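Novice: In case you want the letters, here they are:
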Amino acid sequence: MYALGIDVGGSFTDGVLMELPGRAVLKVAKVPTDPDDLAASVLKCFYALAISAPSLLSRFCVSTTLATNAMVEGTKKDVCAICIGLRPKQSIEYANEVVTIDGGHDASGNEVHPLDLSKLTSAMARVNSNSFAISARFGVRNPEHEVMTSNEVLNVRPSATVVRGSELVGSLGMEERLFLAAKNAELAHVMSGLIRAIGSVTKVPASSTYILKGDGSLVSTEEAALKPIMTVLSGPAASAIGGSVLTGSRNALVIDVGGTTTDISLIHDGRVRLAQNGAAVGGSRLRVPAVDITTISLGGNTEIFFDDGRPKLGHRAVRPLCLAPDAPRLMKDRSFLFPVSGKVYGITPTDLFRAKGRSEYGDKGIATAALAALAQACDLSTDELFGTLEEMIRSRLLRSLSTALTEVMLSEGGDADTLLRGGPHLRTVLRVGVPIVGIGAPVRPFLDLLEGRMECEMIVPEHHEVGNAVGVVCTGVFGRREVVVRCEPRMVQGEQVMTYNVTTSCGQRTFPDCEEAVKFAAAIGTSELRDYMERSRVRKYQTKVYVRDITYQEYGVRKVAETVVTVTVEER
Amino acid sequence: MVRHMDLLVEELLEFRARDPTRYKRLIQEGMLTELGFEIESKAAKVATVDEIKAKYRPRDVAYASIADAVIAGNRAKVEELVTASISKGKDPLDIVTNALMPGIQTQCELYDRGDAFVPEILMSNAAMQVGIKIAQEKLGDVPTKGKIASFVAEGDLHDIGKNIVVAILRANGFDVLDLGRDVSADTVVAAAKEKGLQMINGSTLMSTTKAGLKKTAETLEEEGLKVPIACGGAAVSRGYVETFNNSIYGRSPLDAVKIATGVCSGKGWEETRKALR
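Chains A and B, in that order, are what the protein sequence lines are.
The first sequence begins at 1 in the working numbering and counts up by one.
The second sequence begins at 1 in the working numbering and counts up by one.
Fair warning: there could be bad hints in the mix.
[Unchecked claim] Covered by chain A, per the in silico footprint, the following chain B stretches (three or more residues, Cβ under 8 angstroms):
#, stretch
1, 129–135
2, 222–234
[Unchecked claim] Per the computed footprint, the stretches of chain B lying under chain A, defined by three or more beta-carbons under 8 angstroms from a beta-carbon of chain A, are:
#, stretch
3, 75–83
4, 199–211
Simulated from the structure, these hints should not be mistaken for lab results.
Quick caveat: nothing in here was measured; it's all calculated off a predicted structure.
Positions of the beta carbon are idealized from the N, C-alpha and C atoms, including for glycine.
So here's chain A without its partners, still in its complex pose (with noise of 0.2 angstroms):
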């Protein structure tokens, strides 16, 4: 069985050909991306690793960056918003058409206005577009009039797309639950027009083309047209799967060096951790799972540059001086030392490895002239220089890791920061207690840096450079789906009595007894599941139930306030 794995990068798109389940690497291919078209850059990988029979594969996994793109940069906006029950705080700028409907439920799921479903029929004869995000108040809680309204839109347009918000995330917060759906309206063309292309010219059958997920699983290409919005960060997970499949261990740090940032997970018992409130996405939280990460902009095309007489590391990243084709024309001037806007080729660590001897990237003249001249102009000599410069890599590299291993930020120059830099005096070691992964092509120089001040294991693997591809081959299809179960009391005739409710596909089921809900909730999450498997074309699996209380204590007896069942699928 052969397994083909291509991860589009910001800078570069890496591609594996692996022998399963042997998991041995037998073809690698690393081509640069061109950001404006995706599907070029998977087909000049795809052609790189010259595969002779694509329809031998036994799957084809690709993770791409397009949701994540979409999500920062914005798109063309083509949705029509459908609010049920709630007016929008904010006008809502991610869509060109917004329709506001009377309808909604309260917090337990029950009616609170009647769907308005003739004021939808007229506001649908003006609406132009043909993608539709809906969204209802409690949606999450009570779905019926998010489906109502879906069915209704259908009836009208069937060839639109439609997306509810609550089907693609359960929290609370209905204005996040439309967003998500109308990015997600959005990227479903986008999704499915590259999935196609590369379908067309690859020639690997749909059936055996995966996506990856946020979360590190994969989805089948239907499903990955259906949820673009669930692919959001899968490039640091791919980079966190592959880094625990090249060493073989189940628990790791795993540093992912690339060309302008640098991605740390946390590997824990074979399983990437996830993000508690969601994928963190330029600046804000979508409610979408995805791996845990910390990103620094620290990678091998840092800019390095002269500011006040002293040299800096900054957060932008420009091309290596080194690996200019033109590099003494742009080093006739010193405008390269400075932090000119608009600069393409400067003075990077990649320079700095190169002309230190510590890698072999680059031309070693050009980088070595380029840190002379920085060097005069600090009036540093070369050793100087390069102690002062790996000094500033090596403290931002320890801030990030700690940060990653205590979830807590230390500021940079605070009391933590000084303490974990050291001094002459006092050189601070930390003990970590899994090996560190590295990941990416530039990784080992960075992390020869932190020779004597991590005590731990310290692994470059084989094939690190396409770690990425090799997270994409290496998951598998799996799925988690809670459904809970609410404890609400409910007035009867003056008498208080204890109802549980449990969300449904289409609307909301009431039991009077708990054993029977946690039950019906066990039953629905599980066939859900199952049926998510069969899509995903998985004929092993294996299905297992978790039931949890959250409870509270009052007047010194333990009451239930919600039980959450926890059902999960994983490819065998």
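With the hints as your guide, set chain B onto chain A.
Specialist: Then chain B, alone, in the frame of chain A:
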């Protein structure tokens, strides 16, 4: 579950026979716990009334006498002293923050320890308001620390606790909108939207009505208002409040002030919750 009543009584009697002083203290403290006092802090109480007064007393002699008048709840004296200070050219805002506020803070802390009672808080508050009014005439608007609403959950008519919290929050410089008792979640949410509130205080005495607090917290979250709710009251426990999001539990009126200070200075509910634990 509660054990058999007879067993419980038997144990209690046995305990009384064995250690009568401790029994007496526990009984007293048990009743105080109902009202929202912490047993541990009372047991470990070291500061005396005078020490607390000394802690807040302003250095300035004129200011110290204003603070004393506030503690005594003497409105006429506060009026006289504040007018005199202003005519001497003192900054009205300085008088509010450094003379009137220390007075009420002393009273609040005394109340929290059980050395002052509700009528005294109300009297001190009234005295302070007189002073603030004079300062305000001179100054225009005294800046408030934040905009808050207080309510008692739907179906509950017990509002003594809420009234104390409202008085203490007002005394601490918050602009408090009193929504009254038996208030539905929708009324609270509508008020939050209309008045641009930063935080909401909800309380309830009965365990049957505590679901109203949860409903309010969830409705605020669903409507995306980013307004957390501070919950308290005899029927409300930390355990219960932490079964839902967007909420912070407060045990005493002073906790309400701490929560309000945290939330109104821009902290989220998670951070404030952690800070109070």
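Novice: If you check each hint against the structure, which ones fail?
Specialist: 1, 3
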